[in-house]
Amino acid sequence: MSIAMKNKTIITEQTMLAEDIYSMWIKAEDIASTAKPGQFVSLYCQDGSRLLPRPISICEIDKVQGTVRLVYRTAGKGTKEFSKLKPGDTIEVMGPLGNGFTLEGKKALLIGGGIGIPPMLELAKNLHCEKQMVLGYRDTTFLEDEFTPFGKVYLATEDGSKGTKGNVLDAIRENNLEADIIFACGPTPMLRGIQAYALEKGIKCQLSLEERMACGIGACLGCVCKTKEVDHHSNVKNTRICLDGPVFYAEEVEL
Amino acid sequence: MSIAMKNKTIITEQTMLAEDIYSMWIKAEDIASTAKPGQFVSLYCQDGSRLLPRPISICEIDKVQGTVRLVYRTAGKGTKEFSKLKPGDTIEVMGPLGNGFTLEGKKALLIGGGIGIPPMLELAKNLHCEKQMVLGYRDTTFLEDEFTPFGKVYLATEDGSKGTKGNVLDAIRENNLEADIIFACGPTPMLRGIQAYALEKGIKCQLSLEERMACGIGACLGCVCKTKEVDHHSNVKNTRICLDGPVFYAEEVEL
Amino acid sequence: MNVTLAGVTFQNPVTTASGTFGSGMEYKDYVDLSRLGAVTTKGVSSIPWPGNPTPRVAETYGGMLNAIGLQNPGMEMFIQRDIPFLRKYDTKIIVNVVGKTTQEYCDVVERLAECDVDMLEINISCPNVKEGGIAFGQDPKCVETITSELKKRAKQPIIMKLSPNVTDIAEMARAAQAGGADALSLINTLTGMKIDIHRRACLLANKTGGLSGPAIKPIAVRMVYQVAHAVRLPIIGMGGIACAEDALEFIMAGASMVAVGTANFINPTATIEVLEGIEAYMKQYHIEDIKDLIGCVK
Amino acid sequence: MNVTLAGVTFQNPVTTASGTFGSGMEYKDYVDLSRLGAVTTKGVSSIPWPGNPTPRVAETYGGMLNAIGLQNPGMEMFIQRDIPFLRKYDTKIIVNVVGKTTQEYCDVVERLAECDVDMLEINISCPNVKEGGIAFGQDPKCVETITSELKKRAKQPIIMKLSPNVTDIAEMARAAQAGGADALSLINTLTGMKIDIHRRACLLANKTGGLSGPAIKPIAVRMVYQVAHAVRLPIIGMGGIACAEDALEFIMAGASMVAVGTANFINPTATIEVLEGIEAYMKQYHIEDIKDLIGCVK
Ligand SMILES: Cc1cc2nc3c(=O)[nH]c(=O)nc-3n(C[C@H](O)[C@H](O)[C@H](O)COP(=O)(O)OP(=O)(O)OC[C@H]3O[C@@H](n4cnc5c(N)ncnc54)[C@H](O)[C@@H]3O)c2cc1C
Ligand SMILES: Cc1cc2nc3c(=O)[nH]c(=O)nc-3n(C[C@H](O)[C@H](O)[C@H](O)COP(=O)(O)OP(=O)(O)OC[C@H]3O[C@@H](n4cnc5c(N)ncnc54)[C@H](O)[C@@H]3O)c2cc1C
Ligand SMILES: Cc1cc2nc3c(=O)[nH]c(=O)nc-3n(C[C@H](O)[C@H](O)[C@H](O)COP(=O)(O)O)c2cc1C
Ligand SMILES: Cc1cc2nc3c(=O)[nH]c(=O)nc-3n(C[C@H](O)[C@H](O)[C@H](O)COP(=O)(O)O)c2cc1C
Ligand code: FES
Ligand code: FES
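In order, the protein sequence lines correspond to chains H, Z, V and Y.
Note that the first sequence covers residues 1 to 255 in this note's numbering.
Note that the second sequence covers residues 1001 to 1255 in this note's numbering.
Note that the third sequence covers residues 2001 to 2298 in this note's numbering.
Note that the fourth sequence covers residues 3001 to 3298 in this note's numbering.
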């Protein structure tokens, strides 16, 4: 694995995709040249009162330009700070972090829920097999158009305003979608549902998890997830999401 | 006294006068319209880790433009933050604060030491009598040219690179300067010397004092100075520099 | 939004932290004092106190240190000048009381018994004076004794203001309850120090000072939570409150009222913003009665 | 820049705060471990500990809360894997030791007696475990007893790591000295709480956590100063150190070494920056021997 240094990078583009959803491109050649889909970066706030890094998934990588795209929701003060930055401004970034998705399978389901959708885009670009994208939203949708070049896109919205009314699993069932591999990222309850679904159907399944982080590099043990077996590093049934994840096979983890 | 609200103001100009010395103009109509020489403002940092306001004297007032000039030294992290701001950026300011100088006398000595020099400029502009300016520096000088329209300017530098080698009192003695009123601002040891000099010579003398502040408006009792008599407000021999000062007559205070 | 503590009804749960708001005079142009639940005054002693030498304040990361040393004009001037001033406003008056000896505390409490104030907050937790202050607040027996002595003499309900510089805040709270306290205030400042590495000396003339501001909020919320689970007394919560979200943390941890302190220095209208923010939160979540939020986190 | 504590000489006074640097593995690409005075490891117990449920960390104003709950792989894996790893570098090894009972602490200390490590840091101050940890560190009798029990068994010098959640840190320091401690580390984290006002629940699964980071620095500096004036033991100072200026405050207050903790998370090269900054300061002021700075503020 290459070393993920903490660097000051320049923002090359910042746009609002939907209410509270922003897309930011940063110039980060080291990250762009080594990153894999499913990895993430740590973004640091400028305001000294906010110390901890914000983990944000890599949404797209432009190896030619040496840039990386991050799509994020303004959840709190840190992401709000990021959303005010303009092209030319700098932001401190460490990455790429984590393991990323393993590219495998013949017929894939790429499932993203809410702010778990962005990492599916770079995955879709890199995965060379038949792809079906299932994107779940509460109400307003974003990024869905960008998936259409890579396969058929199914939407689910909680309020039923677009696609299936319900969650991503409802959309999968409604459309009778089949696959030999599932890739999923989204809120834990959604992942729990997909985990059960995949295990029940016997479909191989990679889940990208989320947890509060402090170091982002495996040192603090802040971001662990329970595992079925004793973890190689921790020697207990806990693994570090930031370093050994965020992507795990469905059968490895307890959600 | 008018109310000094805390407002977001726009920086209209920022220039470096000398190493570590900056001149900043801000658009602040309320302040410009009511401020008097010798008053100061509280500048707030943007970085949330630095909470307390930085008191900075008003150096010049442009009532026509509704702007105020602040000349400051980058002493620590707060002033360093200010020095990075550019025209168009905003800064939070509360002011005008404090009492300011009383305009009086026929032949005046305006004495500024280091970063105590800036408030003397607006005073020089407003004081309609014979004026002699004595400006003391460690080594590099600044702002001295801007005083020449208002009277004769005498310099003192500790390293002797310009004017009298020594402090402002040395310059006064060397040039046999006489006056019926002294206005002074600068480091406490300098003010202590001037206080003794003025009392000894029987010259009326206004001193502008400095102290660490928290509220800047008289509430916290952080910034007091010992007084000869019991203070009207505090009922002890302590007065608030931020509200009842920063300008005091030499015989009122104990330095 | 009204809350009742020890029989006194406040129009809303927002007051000021002692020593950060004077007696309100300096803030009257920034804040309509009649909108506050109460104004809690700077500590008042029997005779005028000159306080500590300067520097008295220092900035720290996300907070500040102060070692004012309880400078105050003494109770007679306070009674003559500050009470009539505050009474012009539609707000309750909580007087913070300090002393160097039990006798001095008693003197102030007895003198205030004749005065038109609503509650007394007894500061047994100031870290910045050599005698009295914190010394009373770090030993449960002392806390109980001084509380019962003052309770005998007080005409107004008494709030004991606790120090966070203790191993077990709940023990101090129980001691105050045993002594007959009507309510508790917490927290006072944490003792801290800042060194000027260039002068190689302490920044404050008093060497140590009390740490306040947002930096200490997590400690304060924890202590309010602990005390709320240890005693039946109503709590005034404080320590780093700068916005409504902060205040709501204290309320949910168990505080019936909240006090805004250091934040006043940074934002003179902080009290009103806290008040309006709590109102907005209650509206957003359709909460009719603030009591439904007090101590709602188990 | 070298300093000697209890007979162990460190090439410089900079180490890592336990639990913030693992056993160095995760930082080896950021920091040349051979440049550090020592690496202080995460707490090690006799058997593997799973720690607390998540969320385990929360950001606070100028600081953070953690309730890791001392997850660790147990001493056998630590001895097999982490000691050989660290021995590859030219740095001293300080092993942080934890237990739920005196027996468990003794087991680890006895096992480590046979191992190639330089010092043991006994954590009697972790606020995030139900048994052991802080309970040992808040009562002077317990501090003295456990210190003397461990001292009997230890082959390496022992450092007692004190909790700041006490009324009188000097009393705890004296108790550790009486028990035979070779050195002291302070401070561990302050117990704090953060509430999610929208979920109306504690943010941490463990409810409370330990507050660390720049926010607590003034408290830590004060405690180092107090302890330096109360006992003869050398002190490793920590609590919010993020830059050389911070570290120098601790040294001037009386610490012989300093540990960088939370700052590693924000800036993975913080330890080296602290080290280089101290060197630069000494050069600027023509200070040949760091001992001239230790405790220079009276
Ligand atoms: C591996 C990973 C990848 C992620 N990818 C994305 C992404 O691509 N786009 C996106 O919008 N969000 C993503 N998130 C969630 C994102 O990290 C949080 O929304 C963000 O940290 C919130 O920061 P804030 O300052 O706005 O909120 P605040 O609530 O003010 O943050 C306070 C603290 O809590 C942490 N925190 C708050 N919410 C979360 C959360 N959900 N997960 C982890 N830490 C949190 C923050 O990092 C910070 O330390 C990801 C999280 C993880 C763990
Ligand atoms: C009434 C008054 C008028 C002043 N006018 C000017 C001026 O016109 N130009 C100028 O350059 N400086 C002036 N000063 C000094 C100026 O306030 C400090 O240099 C400045 O606050 C330093 O802030 P910092 O963040 O850079 O330094 P830091 O040392 O990082 O500041 C830390 C804290 O200490 C306070 N502080 C540090 N030094 C001083 C000081 N000398 N006086 C008061 N507080 C201090 C800061 O306000 C802040 O709260 C004045 C001070 C006072 C009291
Ligand atoms: C400048 C200053 C002066 C204070 N004076 C007093 C006082 O006189 N009596 C008292 O009980 N507490 C006093 N305090 C403590 C505050 O009332 C409050 O308990 C503490 O600052 C924590 O709240 P905060 O973080 O919101 O400021 C003072 C605090 C500050 C900052
Ligand atoms: C995530 C985390 C884990 C910690 N684990 C331990 C530990 O295992 N043993 C211990 O003695 N202290 C532990 N601590 C406390 C630190 O070593 C240190 O005493 C404290 O964080 C203050 O220093 P800081 O502000 O520089 O982080 C931990 C702190 C953090 C933030
Ligand atoms: S965030 Fe520190 S181990 Fe994962
Ligand atoms: S700074 Fe608060 S009284 Fe002057």
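For the record, the hints were derived by calculation from the structure and aren't laboratory data.
One or more hints might be untrue.
[Claimed, not checked] Here are a few chain Z residues that sit away from chain V, every Cβ distance over 12 Å (derived from the structure):
#1 1020
#2 1063
#3 1074
#4 1077
#5 1103
#6 1175
#7 1211
#8 1231
#9 1234
[Stated by the list, open to error] Within a straight-line C-alpha distance of at most 20 Å, the following computed DMTMM-like cross-link-like pairs (lysine to aspartate or glutamate) qualify:
#10 H:6 - Y:3029
#11 Z:1237 - V:2116
#12 Z:1080 - Z:1020
#13 H:226 - H:210
#14 V:2207 - Y:3114
#15 Z:1006 - V:2076
[As the list claims (entries may be wrong)] Label-pair distances were calculated between CB atoms; the ranges are:
#16 H:66 - Y:3007: 36 to 44 Å
#17 H:89 - Z:1010: 15 to 23 Å
#18 H:64 - Z:1008: 19 to 27 Å
Note that beta-carbon positions come from the ideal geometry of N, C-alpha and C, so glycine has one too.
Structure-based check of each hint:
no., hint, result
1, 1020, "holds (15 Å)"
2, 1063, "holds (23 Å)"
3, 1074, "holds (15 Å)"
4, 1077, "violated (9 Å)"
5, 1103, "holds (26 Å)"
6, 1175, "holds (33 Å)"
7, 1211, "violated (6 Å)"
8, 1231, "violated (9 Å)"
9, 1234, "violated (6 Å)"
10, H:6 - Y:3029, "holds (12 Å)"
11, Z:1237 - V:2116, "violated (28 Å)"
12, Z:1080 - Z:1020, "holds (9 Å)"
13, H:226 - H:210, "holds (12 Å)"
14, V:2207 - Y:3114, "violated (45 Å)"
15, Z:1006 - V:2076, "violated (34 Å)"
16, H:66 - Y:3007: 36 to 44 Å, "violated (53 Å)"
17, H:89 - Z:1010: 15 to 23 Å, "holds (19 Å)"
18, H:64 - Z:1008: 19 to 27 Å, "violated (42 Å)"
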